[in-house]
Amino acid sequence: GAGVSQSPRYKVAKRGQDVALRCDPISGHVSLFWYQQALGQGPEFLTYFQNEAQLDKSGLPSDRFFAERPEGSVSTLKIQRTQQEDSAVYLCASSPRTSGRASTDTQYFGPGTRLTVL
Amino acid sequence: AQSVSQHNHHVILSEAASLELGCNYSYGGTVNLFWYVQYPGQHLQLLLKYFSGDPLVKGIKGFEAEFIKSKFSFNLRKPSVQWSDTAEYFCAVKSRNSGNTPLVFGKGTRLSVIA
Numbered sequence: 001g002a003g004v005s006q007s008p009r010y011k012v013a014k015r016g017q018d019v020a021l022r023c024d025p026i027s028g029h030v031s032l033f034w035y036q037q038a039l040g041q042g043p044e045f046l047t048y049f050q051n052e053a054q055l056d057k058s059g060l061p062s063d064r065f066f067a068e069r070p071e072g073s074v075s076t077l078k079i080q081r082t083q084q085e086d087s088a089v090y091l092c093a094s095s096p097r098t099s100g101r102a103s104t105d106t107q108y109f110g111p112g113t114r115l116t117v118l
Numbered sequence: 001a002q003s004v005s006q007h008n009h010h011v012i013l014s015e016a017a018s019l020e021l022g023c024n025y026s027y028g029g030t031v032n033l034f035w036y037v038q039y040p041g042q043h044l045q046l047l048l049k050y051f052s053g054d055p056l057v058k059g060i061k062g063f064e065a066e067f068i069k070s071k072f073s074f075n076l077r078k079p080s081v082q083w084s085d086t087a088e089y090f091c092a093v094k095s096r097n098s099g100n101t102p103l104v105f106g107k108g109t110r111l112s113v114i115a
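Note that the protein sequences, when read in sequence, are chains D and L.
Per my numbering: the first sequence = residues 1 to 118.
Per my numbering: the second sequence = residues 1 to 115.
Calculated from the structure, these hints are not laboratory results.
We put the beta carbon where it would ideally sit given N, CA and C, even for glycine.
Heads up, a few of these hints could be off.
[Stated by the list, open to error] Straight-line distance between alpha carbons at most 30 Å, and here's what the computed DSSO-like set of lysine-lysine pairs gives:
#, chain 1, residue 1, chain 2, residue 2
1, L, K61, L, K71
2, L, K71, L, K49
3, D, K57, L, K107
4, L, K69, L, K107
5, D, K14, L, K71
6, D, K14, D, K57
7, L, K61, L, K49
8, L, K58, L, K71
9, L, K107, L, K71
10, D, K78, L, K107
11, L, K107, D, K11
12, L, K69, L, K49
13, D, K11, D, K57
14, D, K57, D, K78
15, D, K57, L, K49
[To be verified] Listed below are several chain L residues computed to face chain D (Cβ distance under 7 Å; list not exhaustive):
#, residue
16, H43
17, L44
18, L46
19, T86
20, F90
21, P102
22, F105
23, G106
24, K107
25, G108
[Claimed, not checked] Pairwise CB distance ranges (calculated):
#, chain 1, residue 1, chain 2, residue 2, range
26, L, D54, D, Y10, 16 to 24 Å
27, L, G28, D, K57, 23 to 31 Å
28, D, P61, L, L46, 23 to 31 Å
In isolation and in its complexed conformation, chain D is listed as follows:
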């Protein structure tokens, strides 16, 4: 079946512009995660949704970062007034369950959006 998809795959923004990155999780997956991967680093957690509820946003680096998942499926990560340090690959992952044995769920990753801020 279809995996996690993200769009756009590449985004170039001028410093100060706002950007919106989209994630389509695997159909029926309850949990959705956003990660940021800087060059030469491993992915770092940004935020987590369970259905439409944002349960953890402790990884968002500043209040310029905002994420939503209004209908519990597609999610959008928005970055306002982009800065050069925001340049990174933004990864989305989804997993099936939310409680009980959810801790054993595998996270399935999308291809990422590479954001370059000039």
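Based on the hints, put chain L in the right spot on chain D.
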């Protein structure tokens, strides 16, 4: 806070050589452990995972990893690498509780396999 340390930044091996990539984690509670691989131009894919039971887990493409609780380690191994194993390898950990928690990744190890 959890952290993951991958000892090697870049490993270069000849085809048919044996591979071992180190991974150590720091966390006081019960964890689930993962190895993900990212082939050039592709997205992160799960290689293998450990949740409980036999500490030696086997994954896809001939990879295996051994969880050594006393050493907080989860090293990845493959007896004989192929050119197609050239990729970036990430070790990850997540705490095992009743809910869903994010993965904590290491910085990755780039593997280059040469003919």
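Comparing the hints with the structure gives:
The straight-line distance between the Cα atoms of K61(L) and K71(L) is roughly 26 Å, inside the 30 Å bound, and the hint therefore holds. For the hint linking K71(L) to K49(L), the alpha-carbon distance of about 18 Å falls within 30 Å, and the restraint holds. Of the pairs offered as hints, the one joining K57(D) and K107(L) holds, with about 22 Å between alpha carbons and a cut-off of 30 Å not exceeded. Our distance criterion of 30 Å between C-alpha atoms is met by K69(L) and K107(L), whose separation comes to about 21 Å.
For a cut-off of 30 Å, the pair hint linking K14(D) to K71(L) is broken: about 47 Å separates their Cα positions. Distance restraint check for K14(D) and K57(D): the Cα-Cα separation of roughly 26 Å lies within the 30 Å cut-off, and the hinted pair is therefore satisfied. The straight-line distance between the Cα atoms of K61(L) and K49(L) is roughly 14 Å, inside the 30 Å bound, and the hint therefore holds. Note on K58(L) and K71(L): the hinted pairing holds, with a Cα-Cα distance of about 20 Å set against a maximum of 30 Å.
Taking the CA atoms of K107(L) and K71(L), the gap is about 19 Å. The hint holds against a cut of 30 Å. Between K78(D) and K107(L) the CA atoms are separated by roughly 25 Å; this keeps the pair inside 30 Å, and the hint holds. Distance check on the hinted pair: K107(L) and K11(D) sit about 24 Å apart at the alpha-carbon level, within 30 Å; holds. Under the criterion of a C-alpha separation no larger than 30 Å, the hint pairing K69(L) with K49(L) is consistent with the structure, at around 15 Å.
Using a Cα cut-off of 30 Å, the hinted pair K11(D) and K57(D) holds, with the two alpha carbons roughly 23 Å apart. At most 30 Å may separate the alpha-carbon atoms for a hinted pair to count; K57(D) and K78(D) meet this at roughly 13 Å. Taken as a hint, the K57(D) and K49(L) pair is honoured in the structure, with Cα atoms around 26 Å apart against an allowance of 30 Å. Nearest Cβ of chain D to the Cβ of H43(L): about 4 Å, under the 7 Å cut. The hint holds.
Contact between L44(L) and chain D, as hinted, is supported at the beta carbon level, the nearest pair being about 4 Å apart and thus within 7 Å. For the restraint placing L46(L) at the interface with chain D, the shortest Cβ-Cβ distance is roughly 6 Å, inside the 7 Å limit, so the hint holds. For T86(L), the interface hint is violated, the least distance from its beta-carbon to any beta-carbon of chain D being 17 Å, above 7 Å. A least Cβ separation of about 5 Å between F90(L) and chain D falls short of the 7 Å threshold, and the interface hint therefore holds.
About 4 Å separates the beta-carbon of P102(L) from the nearest beta-carbon of chain D, less than 7 Å, and the hint is met. Given the 7 Å rule on beta carbons, the hint for F105(L) holds: about 3 Å separates it from the nearest Cβ of chain D. The closest approach between the C-beta of G106(L) and any C-beta of chain D is roughly 5 Å, which is under the 7 Å cut-off, so the hint is satisfied. Below 7 Å, beta-carbon pairs count as interface contacts, and K107(L) has one with chain D at about 5 Å; its hint therefore holds.
Interface hint status for G108(L): upheld, as the beta-carbon distance to the closest one in chain D is roughly 5 Å, under 7 Å. Between D54(L) and Y10(D) the C-beta distance comes to about 42 Å, which lies outside the given range of 16 to 24 Å. Distance hint check: the CB atoms of G28(L) and K57(D) are about 24 Å apart, consistent with the given range 23 to 31 Å. For P61(D) and L46(L), the hinted distance range of 23 to 31 Å is satisfied, since their beta carbons lie about 27 Å from each other.
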